[in-house]
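Quick one: dock chain against chain with the hints and give me the complex.
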Amino acid sequence: MRRQLLSGLGLLLAMTVLTGLAYPLAMTGLSQAAFHDRANGSLLTRGGAVIGSARLGQAFTRPEYFQPRPSAAGDGYDALASGASNLGPGSEKLLDEVAQRVATYRRANGLGPADPVPVDAVTASGSGLDPDISVANARIQAVRVAAQRDMPVDAVLRLVDSHTQSRSLGVLGEKTVNVLQLNLALDGSR
Amino acid sequence: MTAAGWLQLLVLIALLGISTPLLGRYMARVFGGTTAPGDRVVFLPVERLVYRLCRVDPDSEQRWSVYGISLLAFSLVSVLFLYALLRLQGHLPFNPDGQKGLGSALSFNTAVSFVTNTNWQNYSGESTMSHLAQMAGLAVQNFMSAAVGLAVAVALIRGLVRRRSATIGNFWVDITRSVTRVLLPMSIVFTLVLVSQGAAQNFHATRPVTTIEGGTQSIPGGPLASQEAIKELGTNGGGFYNANSAHPFENPNPFTNLLEVWALLAIPFALTFTFGVMAKDAKQGWTVLVAMFALWLIPAVAAMAFETGGNKKLTTLGADQHVTATQPGGNMEGKESRFGPAASGLFAASTTGTSTGAVNASHDSFTPLGGSVPLVNIMLGEVSPGGVGSGLYGMLIFALLSVFIAGLMVGRTPEFLGKKIQAAEMKLVVLYILFVPVMVLSFAGISVVLRTALGSLGNADAHGLTEMTYAFTSAGNNNGSAFAGLAGNTQWFNTTLGLAMLVGRFLLIVPALAIAGSLARKQPAPASAGTFPTNGPLFAGLLASVVVVVVGLTYFPVVALGPVVEHLVGKF
Numbered sequence: 274m275r276r277q278l279l280s281g282l283g284l285l286l287a288m289t290v291l292t293g294l295a296y297p298l299a300m301t302g303l304s305q306a307a308f309h310d311r312a313n314g315s316l317l318t319r320g321g322a323v324i325g326s327a328r329l330g331q332a333f334t335r336p337e338y339f340q341p342r343p344s345a346a347g348d349g350y351d352a353l354a355s356g357a358s359n360l361g362p363g364s365e366k367l368l369d370e371v372a373q374r375v376a377t378y379r380r381a382n383g384l385g386p387a388d389p390v391p392v393d394a395v396t397a398s399g400s401g402l403d404p405d406i407s408v409a410n411a412r413i414q415a416v417r418v419a420a421q422r423d424m425p426v427d428a429v430l431r432l433v434d435s436h437t438q439s440r441s442l443g444v445l446g447e448k449t450v451n452v453l454q455l456n457l458a459l460d461g462s463r
Numbered sequence: 372m373t374a375a376g377w378l379q380l381l382v383l384i385a386l387l388g389i390s391t392p393l394l395g396r397y398m399a400r401v402f403g404g405t406t407a408p409g410d411r412v413v414f415l416p417v418e419r420l421v422y423r424l425c426r427v428d429p430d431s432e433q434r435w436s437v438y439g440i441s442l443l444a445f446s447l448v449s450v451l452f453l454y455a456l457l458r459l460q461g462h463l464p465f466n467p468d469g470q471k472g473l474g475s476a477l478s479f480n481t482a483v484s485f486v487t488n489t490n491w492q493n494y495s496g497e498s499t500m501s502h503l504a505q506m507a508g509l510a511v512q513n514f515m516s517a518a519v520g521l522a523v524a525v526a527l528i529r530g531l532v533r534r535r536s537a538t539i540g541n542f543w544v545d546i547t548r549s550v551t552r553v554l555l556p557m558s559i560v561f562t563l564v565l566v567s568q569g570a571a572q573n574f575h576a577t578r579p580v581t582t583i584e585g586g587t588q589s590i591p592g593g594p595l596a597s598q599e600a601i602k603e604l605g606t607n608g609g610g611f612y613n614a615n616s617a618h619p620f621e622n623p624n625p626f627t628n629l630l631e632v633w634a635l636l637a638i639p640f641a642l643t644f645t646f647g648v649m650a651k652d653a654k655q656g657w658t659v660l661v662a663m664f665a666l667w668l669i670p671a672v673a674a675m676a677f678e679t680g681g682n683k684k685l686t687t688l689g690a691d692q693h694v695t696a697t698q699p700g701g702n703m704e705g706k707e708s709r710f711g712p713a714a715s716g717l718f719a720a721s722t723t724g725t726s727t728g729a730v731n732a733s734h735d736s737f738t739p740l741g742g743s744v745p746l747v748n749i750m751l752g753e754v755s756p757g758g759v760g761s762g763l764y765g766m767l768i769f770a771l772l773s774v775f776i777a778g779l780m781v782g783r784t785p786e787f788l789g790k791k792i793q794a795a796e797m798k799l800v801v802l803y804i805l806f807v808p809v810m811v812l813s814f815a816g817i818s819v820v821l822r823t824a825l826g827s828l829g830n831a832d833a834h835g836l837t838e839m840t841y842a843f844t845s846a847g848n849n850n851g852s853a854f855a856g857l858a859g860n861t862q863w864f865n866t867t868l869g870l871a872m873l874v875g876r877f878l879l880i881v882p883a884l885a886i887a888g889s890l891a892r893k894q895p896a897p898a899s900a901g902t903f904p905t906n907g908p909l910f911a912g913l914l915a916s917v918v919v920v921v922v923g924l925t926y927f928p929v930v931a932l933g934p935v936v937e938h939l940v941g942k943f
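Just so you know, the sequences run in chain order A and B.
The working numbering runs 273 ahead of the 1-based position in the first sequence.
The working numbering runs 371 ahead of the 1-based position in the second sequence.
In isolation and in its complexed conformation, chain B is listed as follows (with noise of 0.2 angstroms):
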């Protein structure tokens, strides 16, 4: 990799170790019950009116049974509600390009990738969504489903840290605050610096124009930046344009790229910080951080280097792929000149340790090693560092499996901050993490023996079982995005997916808030000498190695038959 290389991803970091413990500190606040930032002046007039429209007791908390009841209900609420928008945009204002309403499987796996904050996306955004399907379907669920997200993931923390407790917070005010307080305003301010570099928001119709040499061009308009912003903000990552974050209107310049990489980690790696503070014990907060920033560095750096390293079988064709002062060299095909290869790697590598998906370069078209870091973060199950929310409450499952194993392992009886974690909630432990890969695995062996979802590959052989691997296992973990060439605008594809996601959501949800209600409801036991310690750098290595074992011992095969045969049968 190239110094140039070495030096964005040190200022990428630079500004993650400013953002982490700001942001994190605030997030406690805003979800710790006391005082918040700017609570008289803004925030509680709106979200009173919010509460009295939706008659709801912002001062009542909630069992975790009814907290997951009322998520379901408001997930359900908006996968119809998107479902009908989409279905009959044809009839609604804001078109100004007479878009026409979707069909029913494509407005089911479309409604059911945004409400579950995956983002797939079967359809090209420029050729098929009014103006107001974007905005008021699509972005509001970028918005909702990152929120359900965070309310998850404090609903967790809560239960990890209160004592003999019934209820695990108040779900309806957990999200309302999360819009208020977090998503929206870092949405205003990035929505504002993308449009000054070049990113577009207007409502324009699409543009014809007669280019220099006399061709036509037609130029799309649309409100694009301020769905960019909360895209990567809220780890959504479903492109107004079909080119997602390689679009020049969506991302201009190396710069808005740096940006948006790092909007796509603030918050959580953030959350990190967050739960030392609610939890009163810092080092328990950043033991979660180091874990979750190595899982996200080593990745990321693999997929900058393999990307400069570049294709050998264009070099044969007479390519010259070296790194000079005049060109970026690396592996170009499906990147833009204005990122180059390391940016291409260092997006690619975050979309996919953050549930987001969007993309800035094809993944389909990396290198068979550079090409696997994003399939193999995805197969980790988003924790590193996760979705909003979700790579939190994720992490902190994994964190539960970390300590039951080490006690299994020293003859100790497993505790996490004091809490004892027995039989239940290892059960539900298990359900959490053995649900996605059976079902991904599942699904993606169905398919590959299915004429039907076969046709639907853009690559042969090895290339296509990653193809077809990669869409299950994006869909399974929420993250949303493709090996792109395998055609997804099909039944087989709309319906297994939209299942895949659904699955991938809630009922790793459900086990989560369950999970947290059998916490909330015990006693901490003081520390003993007999005590494993969760708080430094031997269980930081613990719960890292855990992620990557678990994940290992469950999709290596896969992997192996996937990337590795390509690469190793390909002679690359």
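The shape of chain A in the complex, shown without the other chains (with noise of 0.2 angstroms):
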């Protein structure tokens, strides 16, 4: 058994060496070298400042930016503690949340008491940090957008346009808009 156990160890160091500390290593040199912005995590800039990364949605509340979806990360957008709400289909405190949800999204979008509201607008993600939200959500948001920033809707849906992801191969995934880089445009193009 001791024999056994002077083995282990060795081979427990030489792993360690070999998967713990080699290729995490070489695998970082590799990355910075081959894709540097995206290895350091897709960070964008405004003004030489760094805003944020866009891979990572970020919590927006003034009504002429678009809005992300609920986050459960933290007080929200908090990647720190990215996670879900974890509640359970049936739970009250999700059921009241979304109630609270749909009718604050339909006061700021003018919509009608019984007009349906996308459902990635009032449930959170997995994550808590999801950057993207659905076209249909993107769509409903375009107007109070334009109305906010005195622009032509048309203008505000033609950037939602360009700024819709497809998915992937065609048939991966779902049609997303990243909220954080389409708001950067929507300040750009003023």
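A couple of the hints might just be wrong.
[Claimed, not checked] Taking lysine to aspartate or glutamate and the EDC-like style, the derived pairs with C-alpha atoms no more than 16 angstroms apart in a straight line are:
| hint | chain 1 | residue 1 | chain 2 | residue 2 |
| --- | --- | --- | --- | --- |
| 1 | B | Lys684 | A | Glu365 |
| 2 | B | Lys942 | A | Glu370 |
| 3 | B | Lys942 | B | Glu786 |
| 4 | B | Lys683 | A | Glu337 |
| 5 | B | Lys684 | A | Asp427 |
| 6 | A | Lys366 | B | Glu432 |
[To be verified] Counterexamples of contact, computed for chain A against chain B with all Cβ distances above 10 angstroms:
| hint | residue |
| --- | --- |
| 7 | Leu282 |
| 8 | Gly325 |
| 9 | Thr334 |
| 10 | Asn382 |
| 11 | Ser462 |
Honestly, the hints are just simulated from the structure, not real lab data.
Ideal placement from N, C-alpha and C gives every residue a C-beta, glycine not left out.
Next comes the structure, spelled out in structure tokens:
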């Protein structure tokens, strides 16, 4: 048994060097050389300052910006507390929250009391950092954003279209709109 | 389910159709004992160095008992090393955010969790782990625990195919070759693909930024793509960040999502081909593959359909869950927009059919029936297609049970690959099959009457029962996914879940190796008219049915009281 333990320790140390140090360090070196921006978190800058990551959603509350999905990460979009609400499908808390979000969304976007609201706009995402919203959600918000910014709705819708990511390979996943990049483009078009 | 949903399933099946034979045949050469690709140029020099370092003679072979002792010794050293690393991380380098050492209960739970290939996580990576603990502690065990699984699988195959042999291989050689020739090369390629799509790979500290509206957001760093790659390929599942594969840094887009699902399934499915080649009976490999494939596909389609169908209760509140050209619809609570309900259901079924436990959506927020898919998948004992190695050896144990049952039904001598299955093997098979359910149901049963345990529940009623059952089922079967509303970082859960993981891993590996040893000694009898054929559609059907019936009888009551009651009483 003692010999086995020593062999085990030897192998563990060898593998720690190989898979725990050499492998991640080499991968970081290669990634930094070949995909510098992506390996560093796809950071976005404005006026020289980093204002976020294209991959991570961030909180928007002002009506002149497109708003992301509800978030269960910390107080909302806290990237040090990623995660979902984990509320069950029949949870009272979930149903209360959704009812409230539906009412708020209708009010903010001038919808009638019976108008359906896109489900992604009233449910929290899996990561709490979802950078995207659905196209349906973006199109409804476009009307409000255009009014707030005194822009023609068509111009805002065109921006939504140009920021719509289609499905990967045409069939994988879903069509989405990246909120942070869309809002940056809106500010840029002023 | 939508046309796009079906199409992404087809793309995945096509990828698996390509990888399974290629990878399976390659692994048969790696573990077959003769020459293998890349021997002289790359692998042998590195491996010889490793063997010299741990004073192992690569040409010697081990009896099953010595093989088992080596495995247990290696695992014990691994748990102790990882435990120490987690406790001491505050004093070690590669810790730009100054993370402190973990407490004893959490360190025990986490060390056991990663060594047993479970990767149950009672912590949030982004606020708990230093870069060193992640890469030199957790990720190393991602490699090694998968390698241990592979070793046991090939040892059992050798037991089945060898004649009158006292030995079943050399444990040290098997795990070394698993890492150098299978897991590491695949991980290197997969890491680079992930980074090219937007997964992060750096050594930065957390970076505070001022957002557009003037708030602050802290963007975490870390060498996470390299860990993500082995997390999926090794069916480990422990996320670098708390949100796991839902986190945009870990799984940036639908393309990486599909590749990650493929990576979970690639090695477990390919091992059926390895088995066919080593047994010199390709049909035998196909038979196991078909049984595994059916047990994976049906739940996957079910989960995709249930989640695309949505949550009726949200419809009455005014949420539009229709699938249209401009929105994914479906039950989007706990799901990412870029994946939608179909890709989330597919991931959930695949991560639980393998013993991975990575998640790209919150299983806790699935519809009652959609959420029962991951639960039942884990209950099946992780054989659809199961973890790296553990899926195949689990399924081969079920195959032995199937020939025994078939033998009883038609009055034939139970034989598998010509080897007589006798009392000694059947006792071990029964132990293998009973250990986990007895433990899972006992721990879950005790927990639902303990006030301290009930305080951890995130949801009430039938859903709460499911949450509790899911935790022990997941730990006992070394899956690691959770109905994550359960607050697991307590003394009770850290300890009991840790024990469940240990029992579920090593009390199954020992009987599996004992069966390998016992079968290796036997001389196969030539097939006669009285032999029940184990390589055809009839046996594939029997095998899949035995898995479902054995599990169904064991867990049916608790599934009925959990998800089924929730669905019926909640009027979903």
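Evaluation of the provided hints:
Proposed proximity of B:Lys684 and A:Glu365 is supported: the alpha carbons are some 11 angstroms apart, at most 16 angstroms. Simply put, B:Lys942 and A:Glu370 have alpha-carbon atoms about 20 angstroms apart, too far for the 16 angstroms limit, and the pair is violated. Proximity of B:Lys942 to B:Glu786 is assessed by CA-CA distance (about 49 angstroms); at most 16 angstroms being required, the pair is judged violated. Simply put, B:Lys683 and A:Glu337 have alpha-carbon atoms about 32 angstroms apart, too far for the 16 angstroms limit, and the pair is violated.
For the given pair, B:Lys684 sits about 35 angstroms from A:Asp427 by alpha-carbon distance, which is inconsistent with the 16 angstroms threshold. Of the pairs offered as hints, the one joining A:Lys366 and B:Glu432 is violated, with about 60 angstroms between alpha carbons and a cut-off of 16 angstroms exceeded. Remark: the non-interface label on A:Leu282 conflicts with the geometry, its nearest Cβ contact in chain B lying 5 angstroms away (cut-off 10 angstroms). Listed as outside the interface, A:Gly325 is inconsistent with that label: its C-beta sits roughly 6 angstroms from the nearest C-beta of chain B, within the 10 angstroms cut-off.
Interface exclusion of A:Thr334 from chain B breaks down, the closest Cβ pair being 7 angstroms apart, not more than 10 angstroms. Remark: the non-interface label on A:Asn382 is consistent with the geometry, its nearest Cβ contact in chain B lying 13 angstroms away (cut-off 10 angstroms). No beta-carbon of chain B comes within 10 angstroms of the beta-carbon of A:Ser462; the shortest separation is about 14 angstroms.
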